[in-house]
Structures are given as structure tokens and as C-alpha cells.
Amino acid sequence: MQEPQIGNAEPTDVMLPAPTAWPFTLALGLALIFAGMLTNVSISILGAVLYLSGAVGWFREVLPHERHVRVPAEPEAETGTVPAREVMRLPVAQQVQRAWLPLKIYPISAGVKGGLAGGIAMAVLAMLYGVVFFHSLWYPINLIAGSLYDAPAIPTTEALLHFRLGWFVFALAMHITMCLLVGLLYGAMLPMLPTRPIVLGGIIGPLLWTGLLYHVLGYINPLLDQQINWYWFALSQVAFGVVAGLVVVRQNKVWTSENLPLAMRAGIESPGIVDEHEHDGEDTRR
Amino acid sequence: MWDAEPISKPLAVPPVRDAVQPLFDRVHGWITTVDHKRLGILYIVYALFFLVIGGIEASIMRLQLIRPHNDFVSPQVFNRMFTMHGTTMIFFVAMPVMFGFINYAIPLMIGARDMAFPRLNAWGFWMTAFGGIILYFSFLGGSGLYGAGSTPDVGWFAYAPLTSPSFSVGHSTDYWIIGLLISGFGSIATAINILTTIFCLRCPGMTLGKMPLFAWMNMVTAGLVVLALGPLTAAQLMLLIDRYLGGHFFDTQAGGSAIIWMHFFWVFGHPEVYVLVMPAFAFVSEIIPVFSRKAIFGYPIMVGATISIGFISMSVWAHHMFTVGMTSYGNAFFVASTMAIAVPTGIKIFNWLGTMWGGKLIFKTPMLFCVAFLFQFLIAGLTGVMLSVAPFNWQLGGSYFVVAHFHYVIVGGILFALFGAFYYWFPKMSGRMYNEKLGKLHFWVFLIGFHLTFDFMHIPGILGMPRRIYTYEPGRGWDTWNLIITIGVLFQAVGILIFVYNLVSSYFKGKLAGDDPWDAWTLEWSTSSPPPDYNFATIPVVRSRRPLWDLKHPEDPDWKYE
Amino acid sequence: MAATTIAVPQPEMPLSHELRGRVGMWCLIVAESAIFSIFVVAYLYYAGKSISGPTPREVLHVPYFNSICLFSSSFTIVMAEHAIARGKTRLFGIWWLLTIVLGAIFILGTAREWYGLIYRDGLTISSSLFGTTFYSLVGLHAFHVLVGLTGLSIILAFTALGYVKQEHAERIGVFAMYWHFVDAIWVVVLSVVYFITR
Amino acid sequence: MSLNLGPGKLFRTASAWLCIGMTEAAFAQAGAAPGSASIFSPASTPADSIYHLSLFVLAICGAIFLAVFSLLVYSVVKFRRRAGDDGREPPQIYGSNQMELAWTVIPVLIVVVLFLASARVIHAVEDARFPAGTTEVTVVGHQFWWEFQYPQQGFIAANELHVPVSDPQHPTPTHLTLLSADTDHSFWVPRLAGKTDLIPNRTNNMWIDPHETGVYVGQCAQYCGTQHAKMLLRVIVQSRADFERWVVEQRQPAQPPGDSVAKGRQVFETTACVNCHTVAGTNANGKFGPDLTHLMSRETIAAGAALNNRENLRQWVQDPDSFKPGALMPAMQLDEHDLDAVTDYLVTLK
Ligand code: HEA
Ligand code: HEA
Ligand code: CUA
Ligand SMILES: [Cu+2]
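Protein chains in written order, with this note's numbering: chain A, 1 to 286; chain B, 1 to 562; chain C, 1 to 198; chain D, 1 to 350.
Possibly wrong hints are sitting among the right ones.
Stated by the list, open to error - Restraint-style ranges between C-beta atoms, simulated for each label pair: (1) D:R88 <-> B:K437: 58 to 68 Å; (2) D:Y74 <-> B:W444: 36 to 46 Å; (3) C:H180 <-> B:L63: 50 to 60 Å; (4) A:E74 <-> C:V188: 49 to 59 Å; (5) A:R164 <-> B:T207: 30 to 40 Å; (6) A:E74 <-> B:L63: 45 to 55 Å; (7) A:E86 <-> D:Y74: 24 to 34 Å; (8) D:Y74 <-> A:H68: 50 to 60 Å; (9) A:H68 <-> B:Q21: 18 to 28 Å; (10) B:K511 <-> D:R88: 40 to 50 Å.
To be verified - Incomplete in silico selection of chain B near chain A, CB under 10 Å: (11) R119; (12) F125; (13) M127; (14) G131; (15) G141; (16) Y244; (17) R293; (18) T480; (19) P532; (20) K552.
Hint data in this document are derived by calculation from the structure and do not stem from the laboratory. Cβ atoms here follow ideal geometry from the backbone N, Cα and C, with glycine treated the same way.
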């Protein structure tokens, strides 16, 4: 295979597949075979004839050699003569023309850690509430499982004090999922907040969230809605927010890897590699 | 500077048109062609023709429903109209037009000279074409023009046992089966072709990660066709066996099941709707960056979202069956999987917004259509999410709310994106510019018509109006809404007339477009308009996702950063 | 289907263009599998739901011999591929013929089985759900075998006439993929029809 | 234990209205019209649970819409290319991990919440248990009419479903077993419950417990053939006493008709009518068409296609297609005389 054909070489003639009516014939034949089922067998017979001749014709079109036509290639006119336009730069990323913003972010693991830590803080507070007021560790856990049950099926408070394996598993899964998701969100969003991420994200955020839940909790978890103590609820939300927020902001930000040149991302760090690219990258088309 | 002629090179002589050839040669040329560009255009013209047919069928329905107790058409004719309208629009408008654009653009975009199997490509098109012709022959077949022949009247999803020989006498259902079967074979062939082309024919340097998003999304489209059309074909074969050989697959009187047809159909039917919408996503992903003058936002994430939509969409089919009495666990599963699709779809919407954000938006007609697409697809997706809430679906399913939902996606989303694509690639395909004024007029008229029709269509659904009824009682609170809906169709029709006029007149006397009227970045704009038979005299070599950007900005190329 | 015979050098398809036959065949196989899986699901769904007629247990006998023939044809076709890849046309022809014979035995076996079912046991496609699903699924597979046999025979004819050469190895390989697929499907059909639901 | 502040509650209600007030107001109004079948004016527990869920879903979707829509409008307005643009290309930004993460996680959270809310209502509606006093009705869908069997009471009615009202405190729901005699149908009375399909070879279930007496309209919601459009449904919710009275009447065989209609009865019994229709106490016991024993206790004929009165009945028997083209009852080709006689007879089937 000759290299020069690709890229800058003078165009030569091009071989293109030759036009042919056989695919058409074959399709028509097949269609008629079926159409005969709707109308009359004679149509099917005609179809079969066309089908066979189409098949043979097509076969001979590609075997033993594919038929081609030679099309003279005209040299392409100059393209890309649009005057090069200057490209604006972002003030934050003067040196990187293709920014993947922000330049530095918390790693995913920060969000995960934050979410888990916050989740533990929240669970501790909620269970404390259960123990202090109901002498039961399981009370708040069972409440979470209430999102599975409709109002008439809601058990009495008594029934909520005892351990139930199914409910426990569900509650645990829900709690972890939600905490992880919100933790991830913190990892992503805290740096976006204008000032004081902990106050905004850790305290105001959860309070607003509690306010929102106050309205819609009945739709999500009627049981919890019925039994809830909003002060404690808000408190544990804030506990989550503060702990998760603190954990997240204590992590080190890392460079967004997408901004680095491919060579570097690929782990090739020998100097000069970028320039080499520049050398053979003059012209992509010819 | 945008409005100035962007190309400074002398424009080539107007391309030699077929007009100089005798008619027979021209027809012969089109029939025997294996060129992906000509086949693409064949697909597109074929689909436009059927769009008008399907639209006229829709107009007939809308006229009938304009007021209660109307008797513009008989129930038999009405039922045939919605069956033919739905079937035509899905199988002979939306699919072919998408295949047309894919066929036309993919080889150009990936720097290839043709599809992987050019002859198979031709076969695929002709199968689709003959499928449509067979289906429409039903107007003439059977009892002839009077009484609308033996046109199928079983709805586009042809639920059993309405299709069984005892409820559907004569050949009407057979026309439906066979028409779709034939075109289905063609679609599978074309999809295989597209996949192979994208896998094997990319130009040097175009790794998977450097393909235009257009290629990615249509790769997933083709993958979905390959996976999803099989089940439809299989189900139709079974139905044929029932009807011709006395089988009992869907024969409820002999123990057959009506439900299993629903499963089989929707295992196809749901992925099918993503087959239709993915190419629309692909258009938008090309047009928005160019008219925002920015690279697409979050390319790798877009790719990931596309693939995950493809996967998830295979597991949500039974959301069309929330009312058939599945167990609560079954219902809950399909609620979850259906809603999961909102996440990757949302990611796409946000990434398009991210692309526009901070750009310099240029509102030429293609961009207008894309912005409208974003707006309407958002709403349509949200009504989809409402429908996916199974209990809510028990109320909304099978009502005009569903009809509104899917026309919002299909017309408001897909058709709008498609019009955008038409205007965007028309200069490439014909070598001439369309008329911008008419384009904008088309946009606004069609926009008004669309919203008149399909915004108000949600309401009768909420007020209890089922779909597929040829008439209704007064006094249900549906009358006014139906009137408005029908009026909107008039605007839509005018819009489409303007569009067709614009295409035709610009084809003959539009300004010459030049190779690259949009100052765009993908390979198809580097060759002449219309491209020569061989696309590229020399096969291009690319180093980034935007090869023409690299060319135009040698001081600041993309490839350094990808 | 690399057109290796064209005089012009082939830089216009510089990537894995030669692979397109295989990739295309893979896609076809995926599409066909989707079709088969629907028929299999229908078979499983309706198993034991027939209102009348003979049950599978009464009338079906596991076609061990047939299956062994079909499975071994996968082996013979591999041998044929090897032969043609090394340019041994004669050897290729022999293995190829063997493949056809094995396939034909399978088809004849199926025909005999069906003959018995129809005339001895009175099981037809319209007699019961079992009949409908059985003949459809097994018939769909048999149809694929027939298509394969036709292809095989045509290639055999060309081999006999001396047209098949080493350069066609790739195309023959692609065709062999189809035959392997037909074999693989039989594993599924066999176990569903003759083992799982019988 | 719950902490329900008075003002809090007020605030809660008020803002709930703000969220959804617009939509709700618009549809509730339409729902007030007589003959309405708005899903937003529920009158029975299943419809009510769905209604509440739907408000929640609407609010969430509305909020998403507002958020995304504002972003779209903002960027269209803010970032459009201005007249005096310097022609430079804007900064090329490739993406942002942080944003991607944010707009993945938030939708996931929303989806989890939506899923939980729907799963609970699915469970509540589908897996409900029924108290002892539940009325059982078997609904059989026919092309294009409804058959209602009351197995507990042992009679069959058609097209108009009578059920007792149910006091929310002491619910006496009605449980419907759904079957089909031919093709798929769907039972949908929006103010009472969501729809459930009637599918041949399959038994489906649903239940309603209407809280107020009255007539609730609905119709077949699954395409079932030519006259799917005129397969209307009326559910007549009666007080317990009225319902019992109606049951007693329905259980009677047809009153032996007076001499004046003997001719009509004779025509009826000697024509094909008897092959398709049942009139209890006569030799008419066809099952293909609706039971006519108490025809005149219904307000409409032919599944709501026309009001039930003498002219319409006569017209119907003469040419069913004039009301319902495509209905499965043939025109019976009776001469004028017989037609009048049969109509006279039908009118006595109280
Ligand atoms: C062609 C395209 C198309 C597309 C893309 C969709 C997309 C979706 N559709 Fe639609 N649908 C149809 C075409 C389409 N549909 C058709 C033709 C029918 C009827 C067939 C018939 O019966 O004749 C139908 C019917 C239909 C039903 C069955 C109704 C019934 O008959 O009872 C359901 C139910 O779940 C449904 C749901 C959805 C959902 C959840 C999406 C989702 O993909 C939408 C996802 C998009 C968004 C949600 C918006 C953007 C997202 C965000 C901004 C992120 C934040 C959002 C959230 C967290 C919610 N559709
Ligand atoms: C690609 C898919 C697609 C598209 C584009 C459309 C476009 C339209 N659809 Fe369609 N529709 C479906 C797919 C589609 N539909 C499907 C799948 C169904 C379900 C079928 C079923 O239930 O089985 C359906 C059902 C359906 C119904 C419900 C029928 C029922 O349940 O009873 C209605 C009713 O209003 C309707 C209306 C319309 C209208 C007004 C348009 C308009 O947007 C059309 C606008 C186009 C034109 C008007 C044509 C162009 C005009 C001219 C060239 C000028 C000449 C025109 C005139 C003389 C009027 N459609
Ligand atoms: Cu019964 Cu529609
Ligand atoms: Cu769907």
C-alpha cells in the first residue's frame, strides 16, 4: 500500500463501484414474490424469475472481480481560504486554548468521601433522636422504609420500634445511595458557590432542601411525613451538609486532565513531544 | 464578516445537472446508481413525498374531528387513515429520511468514498421503496378504489387479535404485514451497511474518539435498528403464519396470547422511537456547534450518554403496556427503567446548552430550528416522564395526551431537527443556497401551526378523550380544543408548502453556495458542493474532531488538545 | 470482499477496509439472532399451553444423529477454510463437499421427522399451539440451513469448475461465519425444543 | 409526634397551590362541566391517589421545565452574535467535569424520588385488599358494547354499570373482573380510576369506590375495531338503597307482556333476534348481543350511541348503521308493521 496516495499526493483516477440495476431487480423480485400473496400467484412467479435473475446478475457483478468504473479525479480547488479568525481566550485560561473547565476540580473521590461522612453524621443524629425519644434505634430506620407504603397501610408507632430486616436493608440502601449522590453533587457544586461554601452549601442549602421537603414529603414518604419532627430533621440535614462540605473542601483539587495534551494524558511525559506534533500537523487535508 | 462571502476562491462553474440528459438516461441513472449520495437523495425525496401523503391523511382525520358528530368520513375510512398515517410516517417518512441523511453524510464526514457495501445500499433503498408501494397498493387492491380498497385498519401497532383472520377478513392486514416486512429487510440491510461503514471506512487518523458526534449517534441508531427490527420481522412472520397457514400464535380462540404480540411489537417499537430521535440528536449536535462557533461541549460525555440511551432503550418497552394488567413489580421495573432514560437524555440537552453558552449564536434557519427543537424536545420529554409514571399512565395512556406527547417529540423534536438538517446540508447537496427569507418564514409559520395543534392536544387527553375515535359526543369539553387543533394543521401545511417551494426553487435558481457556506468544521465541507462522485480526490487525513478548524486555524489547531 | 484484483493501488480504503465482510456478517448475525430469539421466546412461552393435540413428550425424539452431523459440519468447514487459505483447492473441495453432505443429512433428517409428525402423529402447523410454534422455530432454522446449503453448493460448483482460488479465502471465511452461526443456533433450538420443554 | 404548626400548614397549602394552582384551576374548571371525564376531578380512591401523584409529578416537571427553559432563553438572548461583532471566534470550551457531574446527579436524584412516589401508588392501587362488603362485577368487553355480570346477585346487565356509593370511612368498593369476548378493550372512567385493558384469554382486575352518587362517563380506551369510538360507558353510582332496589328489579325475568304487544313478542321470538339477545323468561337466550330483559332501565342504547326512547329503538332495529355504522347487529329487514310491533314490545321490557 502506497503512502503518498493519502495526504498531499496528486490525485489519480478513482475506481468507483459500477452502477448496476441488479440490486433493484432483486428487490423488485422479492417484493413481487410477497405481493403475489396478496394478489395472484402469477405475480409471485414473475417475482421469482426477477429474483433469480437479480441474484445471478448481482453475483456476476462482484465475482470473480468487482466491477468498477474509472472516474477521472479533478484536482481539488483550494479550500480553507477563509481568513483565519482570531480565537478569543478565556481570562481564566489564557494559556489553554481548549479549556475543559474549571481547570482544577475536586476528584470524584472527594464527593464520595464527603457523602459517606455526611451520611454517617446524619444517621448518628437521627438514631440519637430515636433513642432519646422512642428508646429505639430502629425507629428512624423504619421511617425511611415508609416510602414504600401507602397511607392506609402505615403501621402504628409501636410497630416502628422493632427491627425488620427487609426494611433495614431498604433503608440502608436508600440512605447510602442518596448520601453518595448528594456527596457527589457537593464535590461538583461547592466550588461553584460564590463565597463561603460551607455556610451556603452546608447550612443554607440543607435548610432550603428541608423547606422543599416540607411540602412534598407526603408524596415521597407519607409515613415519615406523618411522624416527622421537623426540627430534628433539619438538624440532621445540616449535620450532613456541614460534615460533607468540610470533608469535600479539605480534599486537594486536581487538574482537570482533559486540558492536558493527549500525549501527557497518555502518560508520555518526555519533553518536546508536543512540538513534534506541531511539526507534522501543518495541514490536515493534503 | 459572516455575511460576506466566506469563500474567496473563484466559484466553480455551476455543476452540470442531469437536465442535459434525456429522461430515460436520467431515470436509468437513478435506478442503477450505487452512489451513496444519490441513494441518500432518493431516500430523502421518497420520504418527503410520503410526508405529504401522511400529512394529507392527518388532515383528513383532523377535518373529521373538527367538531363533534361530524360525518366528513366514515368510521372505516377514519380507522384506515390513522393506521396508514402512523405506519407511513414512522416507516416511510421518518426512517427513510434519516437513512437518507445518514447515507449522504456519513461517508463524507468520515472521509470515505462510499458506503461499505454500495450495491447492498441500493438494494436497501429499493426494498424500502417497494415496501411503501405495496402498502399503498392496498388502496387499489381488494375491492378497489371505492370503499378505500382493502387498506389496513388495525392501527400502526396492529394489536392482536384484531389482526387474526376472524376479525380481519380479506387482505387488509396482509398488506400491512408484507409492506413492512419488505421495507424491514431493507432497513436491516442499510443498518448493517452503516455500521460496517463506520467501523471500517474511517479515513486515516479518525479514531473512534475523533469521529464527529454525527457518526457516533448514527452508529447507535444503526445498532438499534439491527437489534430492534428483528423482533418486528419475527412477529410479522408469525402473524403471516397465523394468517396464511392457520397458526395460532396470536389466535386467542386457540389459546394464543394477545399480550405476547404487544411485547414483541414494543420490543421493537420502543427502540424504534430512539432510532428516529438519535439522528435528530445527530443533526443538532452538528448544527448547534457551528452556529454557536464553539466546539461541542462535553464530547466524551455525549458519546457515553448516546451509548447508554441505546442500551437502556432496549429495556423499557413495557411502558407502552402499563394498562394491560402487569404485576406491580413488573410495572415498577418499567417505571424505573423508563425514567432512567431521562438522565442521559438530560445530559445531552445540557451539553447542547453548554455549547451555546458563551458562544456567538448565529440565527440562520438551521439554528432557529435547532433552538426550537431544544425547547420542544424538553417539553416532549417531560410529558414522556409523566407517562412513565405508571399510575399517571393509567389515566393518560391511550388518550390524546399520548398522541400529543409523541407528536411533540416527533414533530416538535425530530421534524424540526430534520428541517434544520435540510437547510444545513441543502447547499452541500445541491450546490446552491436556499432562500433565507423563505426559510425563516417556513420556521415561523410551522412553529405557530405546531404549537396550535400539539400544545392544545394535551388537554382533551386530560379531559378523557381516547385516541383513535372517529367522532365524539358534544358536551365533554373537547369541542373547542379540537377546533383549535385542526386549525393548526392548516398552518403546518402552509409551512411545509413554503419549505418544498424553497427547496425546489433554490435548486434551480439559488445562489451558488460554495464549498463551505457555514464556515463549518467537518470533512464534508472540504469537498466541492455538490461533492464529486468520489467525494474526495485524495483521502483526507485528520488529527482532531474538527479537521477544518485545524485547517483554518493553523496557529491554534484542535489536535494539540485532543 | 477486498477487490485485490484492481490494478490501481488501494489507498482510498486505507483502514480496515478488508474487514468489512466480516464486520457486515457479524452485524447480520446479530440481526438474525434477534429474530431467532423472538421465535425462541414464543416457543418457551407457549410450551405446555396447547389446548389439544399431541404433546412434545409423546411425539418428539431427540435427533442425536442429525445434530451430530450438523455440529461436525462446523468442523469440516473450518478444515476447508484452512485448506483454501493455504491454496490447497482440491483439499478445500473435499472438505467443502463433506460439509454439504453433513448439512444435507441434517435437512433430510428433519424432513423425515416432519413427515412422521404430520402423517403418523397428526401434528400440523395449524393443529395446535405446539404445532405452530414447533414448525415455525424448527422450520426457521431449517430454512437457514437450506440457504446455507444453497450457498455451499454454488461455491462447490465453482470449485469444481476451478474458479475458486486462494485469493477468495477471505470471502469463503465470511460465508463460513454464516454456517457457524446456523450451527450455533441449532444448539439453542435443540436444547429448547428437545430438552428443556419436552 | 408530628409537629404541625398552624401557620406552617397554611403556608404549605398555599404554596402547593402556587406550584400547581394554574394547571389545576384550568382543568378543575373544565372538570366541573356536566358530562366531564376530567382526570383532575377524581371521585374515587384510585383516581384520587393518581390525582395526587400527578400533581406532584406535574410540579416536578414544571420546575424542570422552568429551569431549563430559562437557561435556554438566557443563552439565546445573551449569547446571540451582536451587530458590531469583531468576527473573532469565541473561546473554545470543551466541557466541564464539574457541570457534567452536577447535571447527572441532580436528574438521578429527581428520578429516584419520582420512582419512589410512583412505586408506592402502584402498590396501593394494584395490591389493595378488599373488605367484606365488596360488590363483585365481571365486565366482559364485546365489539362494541359492555356486558356486566353480577355473579353475587346472579343477573346480567349491559352498557350501564350500576354500583353502590362507598363511604370513605366504611368503604364498600366494587371489584371488577375484566374479560373480553373478542378483541382488546379498555375500561376507562377517568373520574373513578385509571384504565385497565380487557384482553381475550386473560383475566384482569380493577376496583372503584365512588364517594358520591351520580353518573360517571367514560369509554373504551383501546382500539377494538370499527366502532371503538362509540363504545361508551356510563357508571351509575347509587345510594345503597337505590342500588339494592335496582338489583331486585334486574333479577326479575321479563314481565309477561300484555296482549297489546303479543304480536311484537311473537315477531321478536320468531326472528333471528333470539339468536343474539336474551330476554329472561322467554326463549330468547342469545349471548352475542346485549341482554334485553330490562332494556328500558337503561338511559341509552347501543353503548351510548343514542338515547333510549321509542323512536331511537325503532330506528335502531330498522338500521343500526344509522347510529353506529359498523356495529355488529345486522339490519333486520322487518316490514313497517313488524317493526312497530317489535318496538312496542321492546318498550315494555322495563
Ligand atoms: C420518537 C421519539 C420518542 C421519544 C424520543 C420518546 C421519548 C420518551 N417517551 Fe415516548 N412515545 C413515542 C415516541 C417517543 N417517545 C411514541 C411514538 C409513543 C406512542 C406510540 C403509540 O402508542 O402509538 C410514545 C409513547 C410513550 C409512552 C406510552 C404511553 C402510552 O401509550 O400509554 C411512554 C410511557 O412511559 C413514553 C415515555 C417516554 C419517555 C420517558 C421518553 C424519554 O426518552 C424522554 C427523555 C427526555 C427528557 C426527560 C427531557 C430532558 C431531560 C432533562 C431536562 C433532565 C431532567 C429531567 C428529569 C430528571 C425528569 N412514551
Ligand atoms: C413521523 C411521525 C408522524 C408525523 C410527522 C405526524 C404528523 C402529524 N400527525 Fe400523526 N401520528 C403518528 C406519527 C406522526 N404524525 C403516529 C405513529 C400515530 C399513531 C397512529 C395510530 O394510532 O395507529 C399518529 C396519529 C395521529 C393522530 C391521532 C389519530 C387518532 O388516534 O385518532 C392525529 C390526530 O390529530 C395525528 C395528527 C397529525 C398531524 C396533524 C400531523 C402534522 O404534523 C402533519 C403536517 C403535514 C402536512 C399537513 C402535510 C404537508 C402539507 C402539504 C404538502 C400541503 C397539502 C396539505 C393539505 C391539502 C392539507 N396523528
Ligand atoms: Cu372497545 Cu375500543
Ligand atoms: Cu416507548
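Hints, one by one, checked against the model:
| no. | hint | in the structure |
| --- | --- | --- |
| 1 | D:R88 <-> B:K437: 58 to 68 Å | violated (28 Å) |
| 2 | D:Y74 <-> B:W444: 36 to 46 Å | violated (22 Å) |
| 3 | C:H180 <-> B:L63: 50 to 60 Å | holds (57 Å) |
| 4 | A:E74 <-> C:V188: 49 to 59 Å | holds (54 Å) |
| 5 | A:R164 <-> B:T207: 30 to 40 Å | violated (54 Å) |
| 6 | A:E74 <-> B:L63: 45 to 55 Å | holds (54 Å) |
| 7 | A:E86 <-> D:Y74: 24 to 34 Å | holds (26 Å) |
| 8 | D:Y74 <-> A:H68: 50 to 60 Å | holds (55 Å) |
| 9 | A:H68 <-> B:Q21: 18 to 28 Å | holds (22 Å) |
| 10 | B:K511 <-> D:R88: 40 to 50 Å | violated (27 Å) |
| 11 | R119 | holds (5 Å) |
| 12 | F125 | holds (8 Å) |
| 13 | M127 | holds (5 Å) |
| 14 | G131 | holds (7 Å) |
| 15 | G141 | holds (6 Å) |
| 16 | Y244 | holds (7 Å) |
| 17 | R293 | holds (9 Å) |
| 18 | T480 | violated (32 Å) |
| 19 | P532 | holds (7 Å) |
| 20 | K552 | holds (5 Å) |
In this structure, the earlier hints numbered 1, 2, 5, 10 and 18 are contradicted, and the remaining ones agree with it.
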